[in-house]
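Position chain B against the provided structure of chain A, taking the given hints into account.
Top line first, the protein sequences correspond to chains A and B. At position 115 of the first sequence (counting the first as 1) the number is 115 in our numbering, and the numbers step up by one without a gap. At position 64 of the second sequence (counting the first as 1) the number is 64 in our numbering, and the numbers step up by one without a gap.
Where hints are given, some of them may not hold.
Copies of the same chain look alike in the list, so a pair counts if it fits in one copy or across any two.
Cross-link-like lysine to any residue pairs, in silico, SDA-like; alpha carbons within 25 Å at most [as the list claims (entries may be wrong)]:
| id | residue 1 | residue 2 |
| --- | --- | --- |
| 1 | LYS121 | LEU101 |
| 2 | LYS136 | SER151 |
| 3 | LYS136 | GLU12 |
| 4 | LYS46 | ARG81 |
| 5 | LYS108 | LEU26 |
| 6 | LYS121 | LYS136 |
| 7 | LYS29 | VAL78 |
| 8 | LYS99 | ARG112 |
| 9 | LYS121 | ASP52 |
| 10 | LYS102 | SER151 |
| 11 | LYS114 | ALA2 |
| 12 | LYS102 | GLY150 |
| 13 | LYS99 | TRP126 |
| 14 | LYS114 | GLN27 |
| 15 | LYS29 | ASP52 |
| 16 | LYS77 | HIS110 |
| 17 | LYS122 | ASP52 |
| 18 | LYS114 | LEU101 |
| 19 | LYS136 | ASN97 |
| 20 | LYS114 | ASP40 |
| 21 | LYS119 | PRO87 |
| 22 | LYS122 | PRO105 |
Please keep in mind that the hints were generated in silico from the structure rather than gathered at the bench.
There are 2 protein chains.
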Amino acid sequence: MAKDYFQDHMPENVCYGCGASNPQGLQIKSYWEGEEALLDWESQEKYHGWADLMNGGIMATLIDCHCMGAAMAYAYKVEDRSMDSHPEYRYATGSMNIKYLKPTPNRKVHLRAKITEVKGKKTVVWCDFYSDEGVKTAEAEVIAIRVFDGSQAAGTNAFKS
Amino acid sequence: MAKDYFQDHMPENVCYGCGASNPQGLQIKSYWEGEEALLDWESQEKYHGWADLMNGGIMATLIDCHCMGAAMAYAYKVEDRSMDSHPEYRYATGSMNIKYLKPTPNRKVHLRAKITEVKGKKTVVWCDFYSDEGVKTAEAEVIAIRVFDGSQAAGTNAFKS
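Bound conformation, chain A alone:
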C-alpha cells in the first residue's frame, strides 16, 4: 500500500527540511506505522560533519521537521479526519533537546517519533534516531506549538501567510 506522507498534505511548503516545494531542501517524507511516525532518509556527501559521519545540525533538521510533521498529523488523527480537511493546523518548534549518543554514518537513517503529551497548543514528541544498521545514535524531545489554526482563518494557506 502506498504510504500517506504527512508532507504531501502541506501545499506550497518551502521549508528547507520538509518542504516539497523547496527543491534545494532535504525533502523529508514522514508516515505513520501504528502509533509511531517514521522517516527514512538518505543523506548526501555534502551533509557530513566529520568525514563520512552525518552533521549534527542536519540530524537536528531531520528531527525538527519530522517531529513537527508528527505533531500535525497527530492532531488530525485524534480528530479522525484527513490532513487535507479543515480546519488546517500547523506547528512550529518551541524547543528541541537532542542527545547525540554515537557517531552516525552519513548514509541512510531512520527516525521513529511518538507523541508523549498534548496540552493545549503544546504537543510533546519523542524521537529516536537510528543508523541504517539499526544502531540508535541520537534521541530527542521536541516541543511543538500549534501556531496556526485554520478554524480562526478560513480560506487561508498557512505556508503563504
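Coordinates of chain B only, in the frame set by chain A:
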C-alpha cells in the same frame, strides 16, 4: 584588525556547518570578542522554514558548529597557545538544548556564545541567537565533548582520521 576565525585553524574540515573545505556548506566563521565567541552569518532564501523565516534546523546547525568552535578555541585560549599549535584538540556535540523564542527573519543573524563550565573532556557552552535587528530569537545550551586530543596521536589530522 583582521579577525582570527576559529575555522581557519581547522585544515581540511569538510563539515556542512563549519568546514571551509565544504563549498556546499554554511561556511560559518567564528571569532572572539572578549569572553564571547561571535558568529555573524547571512542566510540564503533556500534556508527558510516558513516563507521568509529561518529554518529551525539551520539555526541548530549554526548553534552546533559555532559552539563546537567556541569549545575548541577556548581550550587553546586557556593554555595560552595558538589554535595551530600542538596538541590538537577537536570536539563533537554531546547534547544540544535549544529554545526557540520568536520567529527569526531569514536574513543576517548573530550568535554570541560563552563557555560556562569545563569539566574533564566536557565543555558547556551557552549561546544566544539574534536577528539582525538585535532581537533575541533563540537560546541554547550545548555540551561539547573533546573527542580528539592530538597529544595522544602526534602528527595526525583530526579531520582526516
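Subject >> In rising order, the numbers of the hints this structure does not comply with >> reply: 2, 3 and 4
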